[in-house]
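Chemist: Take a look at the letters that make up each chain.
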Amino acid sequence: MIDRSTRAARPTRSLLEPAILRTAVIDAAKKLHPRDMVHNPVMFVVEIGAVLTSIVWIVQAFGGSISGAGRDPAWYTLTVAIWLWLTVLFGNFAEAIAEGRGRAQAATLRAMRRDTVARLRDGGEKPAAELAPGDLVVVDAGETIPGDGTVVEGIASVDESAITGESAPVIREAGGDRSAVTGGTRVLSDHIVVEITQKPGESFLDRMIALVEGAARRKTPNEIALGILLAGLTLIFLLVIVALRPFADYAGTTTSLATLISLLVALIPTTIGALLSAIGIAGMDRLVRRNVLALSGRAVEASGDVDVLLLDKTGTITLGNRQASEFVAMPGVTMQELAEAAQLSSLADETPEGRSIVVLAKQQAGLRGRELAPHEARFVPFTAQTRMSGVDFDGTRLRKGAGDAIERWIVEEGGVNPPELRVEMDRIARDGGTPLAVARDNQALGVVHLQDIVKEGMRDRFDHLRAMGIRTVMVTGDNPLTAARIAQEAGVDDFLAQATPEAKLALIKEQQATGRMVAMTGDGTNDAPALAQADVGVAMNTGTQAAREAGNMVDLDSNPTKLIEIVEVGKQLLITRGALTTFSIANDVAKYFAILPAIFAATYAASGHATGPLDKLNIMSLGSPRSAIISAIVFNAIVIPMLVPLALRGVRYRPVGASALLRRNLLIYGLGGLIAPFAGIRLIDLIVHNLLGA
Amino acid sequence: MTVQGSIQIVLLLAVLTAAAPLLGGYMARVFDGGTMRLTRVLGPVERGFYRVIRVDARQEQDWKAYARSLLVFSLLSWLALFLILRTQSVHPFNPSGFSAAPWDVTFNTSSSFVTNTNWQYYAGETTLSNFSQMAGLAVQNFLSAAVGIAVVVAVIRGISARSAKTLGNFWADMTRTVLYVLLPIAFVASIFFISQGMVQSLSPAKAFTSLEGVKQLITLGPVASQEAIKLLGTNGGGFFNVNSAMPFENPSGLTDFVSMFLLLLIPVSLPITFGRMVGARRQGWAIYGAMMIMLVVAIGIVYAAEGHGSVAQHLAGVNGGNFEGKETRFGIPSSSLFAAVTTVTSTGAVNAAMESLTGIGGAVPMANMMSGEVIFGGVGSGLYSMLLFVILAVFIAGLMVGRTPEFLGKKIAAREIKLTMVGTLATPLLILIASGIAIATTYGRRSIFNAGPQGFSETLYAYTSQANNNGSAFAGYTGFVQPNAPGNHGAFGITFADLLGGGTMMLARYLPILAVLAVAGALAGRRVSPAGPGTMRTDNGTFVVMLIGVILLVALLTFVPALLLGPIVQGLTNQVF
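Those sequence lines, one after another, are chains H and R. For what it's worth, the numbering used here labels the leading residue of the first sequence as 1, then goes sequentially. For what it's worth, the numbering used here labels the leading residue of the second sequence as 1001, then goes sequentially.
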């Protein structure tokens, strides 16, 4: 077993690492190409404005003038042009930082994707890049596994640290739920044969690199919707400015091109427009840093919408290993008989429960672990359908398993279940334990009491989830009584007892039919249908290839409680977008108060007065019309880099109800967005006007 | 502000708040196809009418079919009205022998009445025959109002539909609206108005000699019957040029009060109808609340501004409130109240001269319209426009609670946002384009009467009013020049203003209608997620604040520069323009 507390964490990067910043500066400039800018209508408008203002300045610098551009001093036009360019660059810079952080991660991954040559089992060699599904390759100790696949022969310890950051090796073996191997990982011991399951160029590693680099990034549905909203606002403000020229002309006020463009840029939602894609990339990145790979951005968004969490009891809600604590023999059966049967049937059972039975039998009945000669014994493995396991030897058949499964077995074998069996099992179940019935042929021998221990702090987490509006459903193979007891102890909202894969799938479909979004984790092949059906299906990296294909996220730590963090990241992503949109739109009020009185300061002035009635609206008492306009666009520009950390980190999510959350965010980003620019613009004006004399 | 004035305002709003659930509930039954007491009388009429027009009222239409029916119907209405007005001279009931108005004015008038705008470049008593008023305009007053209501009913069905992809049947909705809602209320209101002394006559104008010895003609006509639907259907087109300031059209303080009640009646009731039909009554009241808060603020500002008068007036030695352009019968409170309620609802009837309001007082009617006519708004159109803003608010606010935004359990996706943007931005875009062109060109400036900011306001108001299908006029903006010749000979239209205005009204009416029907079509049948603590509530105070904020920031903010150069500059100056 891997002790999670000692595992090496993936190196965490500081939010703004110098190396990433340096590259980002260069990338920001490269992104000025219209080909890139056109994807972001808001910032593209700013860029066009910057180009036009620059042209006006160049003409002015050579002593010329363009009709309709107004008669500003060259220094003013230049200042406006510079800050417009900076606005665009700041936006590009934000995106470049977010991408840069992903790219740094991708570089680490790429370094280990060495070009290996695969040895085919049927002889011959093939470059790893050309492997096709169905190829059988041989991997020995010390070699790198050439591609994703399933172990079909052998068992080996594999170092997966390159992908998971986990330094301890893991066991991979043919058959069962631990058969999946990932290309790029290294076999440490033994020899395995792997059947390749990936298509060339579509390995897990390839997808992971593409993902963190942002190459595979498509705009998510919600991002597209928000983009439309922002483009619409940009269009209407463009018209506002275009119409303002004739309006101002009618009022006898000349407006310069630089000033009108400044007003336009101040009004369109540049703050969110500049940070929108950075927020999306950073959201993915936050998941990657939690060792979760979202195979689509859609899934990340969906995780914020989850209404129901299906959590496996074992390993998630309770400690993974249940311990056998008691043997209860049926009348006429000695304790010795029961303990011996339980021990024999558990010999091949490598689960912690199985081992704990062997240990208990040794302690209570003084039985030493015995070896059964392989030729005379046939072990019957546990399956999700039969829900029991056991051993056949010398014509005797021993079975242990879920109570109802054993009862059915006894009846099928022609025996009779003693009433005490049900009584004892119910008693154990009511106490929150798991009863395992033990049978020899058609005779019930007794019950093994397995004790389940609920993890610490789970109740708190479920309370948090409930406050977030998420219901938790515990899924367990236990009988309803045990399940109810543990559900109560852990504080989950509901439980699904005696769960089969089919029941799990049915539960998901049922929830979805009522309009709820369902998230679940899973690792086994039989989880695959449910993982595929769930809106958010998180596959454990230790799971089978089928499970990893079915889910839309993979948790490299294989930690089922991670689902809670994933939901938070999804919510954070949406909240950050909404908060910055609100902030951006609310800013407009202050910008109007800065720029409009500046443009129309002298409009309709009574004869002999320098200023007209609209100068009264200069409530910030900005120094001069030009310094007012410059201050507004400077504020508009520098607010972008100031908010980059927030965009990358995400607005803090608090698990309180939706109403409280909305009130809080409205106050901070709505009201704050209304007030902050008044202070900011006034402050900048102090520097621009009082110090620099504009 | 006086106590008496404030009591009148509070009384009006209180009576409306009491009436809203009654009519709102009744309309919900009408549109859910239920039976009312009236069904016994009008049921056979309804069924007979379906047989005549060969429509199966139970045939459900998806949004495209619904929109197609609506457009075909509107086109036919437009053609019929245009024809009636252009051939006025051959029709009966033309005691003054008016010839038809020029084609461009008729284009404007037809567009105006079919779109529920009732913008009037003409003066009724010197242009139109009684036949044109009755068979042309009054009919459209009913039909255009019914179209607005039909659209909002279809939209409500789309929002609430859990499995159906259809929005109802346009022809059935039209018929039921006219038969069960508009006709009965208009009938009762007409009788009441006649009892209060409003004119209802087909006699020719009466000639008399005034005390000063001047010969005058007093026009009579079927006023009361047209007045009721003019108000009830938020149409606003007066029989007389001075509209509800005319004693024949608004005889007393009581009829004035009832007029305001009527023009708000359906718009205040529809949010309640919405709440009932979607099965979320609180939601209906939340929307009602947002509208009411904005209305109260609007009334308060106009009343305060008019009661206080302007700086320029005070300097000129006129103290006290602003009485310019007001009917002394009604005074400042009633005129302020009327100015506010006629512009929040897209009625456009007036009992005082909008042009004579103070700068700030005049800014409010403009701002009311610029907010997109969502403060109760026109019959039907007010609520469907408001629902588009609700979707926008839900989208922005919904993000802030960390879930894909949803309204009444239905997720708001890219397609809805796109259509919502088309629906909410079409009108502001048209206002900016039309008034920009009108102010920039010499053709446009020919219509302007005054100079300076007042002239600018005239233009801005004209296109804001037409684009929002309001129809109230600031006065001073001309599209029709009439000499005093008998039979209106020699009159001509200002083609530019007539066509630009007519086109604006049509686009601003039908683009949002198409957009909102498409939104309803997209939402119809969408899966409904159950509400939980993580779902954002859209029926509480926080959301109401958010909704008002979105309307102010997205709609009104667009017009701040324009408002500054018109009414606000006048409100801040002591100069007289």
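Please note: incorrect hints may appear among the correct ones.
Simulated coverage check for chain R against chain H, where a stretch passes if three residues somewhere in it have a Cβ under 8 Å from a Cβ of chain H [unchecked claim]:
| no. | stretch |
| --- | --- |
| 1 | 1386–1399 |
| 2 | 1410–1421 |
| 3 | 1446–1459 |
| 4 | 1524–1536 |
Think of the hints as simulated: they come from the structure by calculation, not from any bench. Glycine is no exception: its CB is placed at the ideal position from the N, C-alpha and C atoms.
Chemist: If a hint holds in the structure, say so; if it doesn't, say that too.
Modeler: Structure-based check of all given hints:
With 6 residues having a Cβ less than 8 Å from any Cβ of chain H, the stretch 1386–1399 of chain R passes the three-residue criterion, so the hint holds. As drawn, the stretch 1410–1421 of chain R meets chain H at 7 residues by the rule of a beta-carbon pair under 8 Å; at three or more, the given contact holds. Using a Cβ-Cβ cut-off of 8 Å, 4 residues of the stretch 1446–1459 of chain R lie near chain H, which meets the minimum of three, so the contact claim holds. With 9 residues having a beta carbon nearer than 8 Å to a beta carbon of chain H, the stretch 1524–1536 of chain R meets the requirement of three or more and the stated coverage holds.
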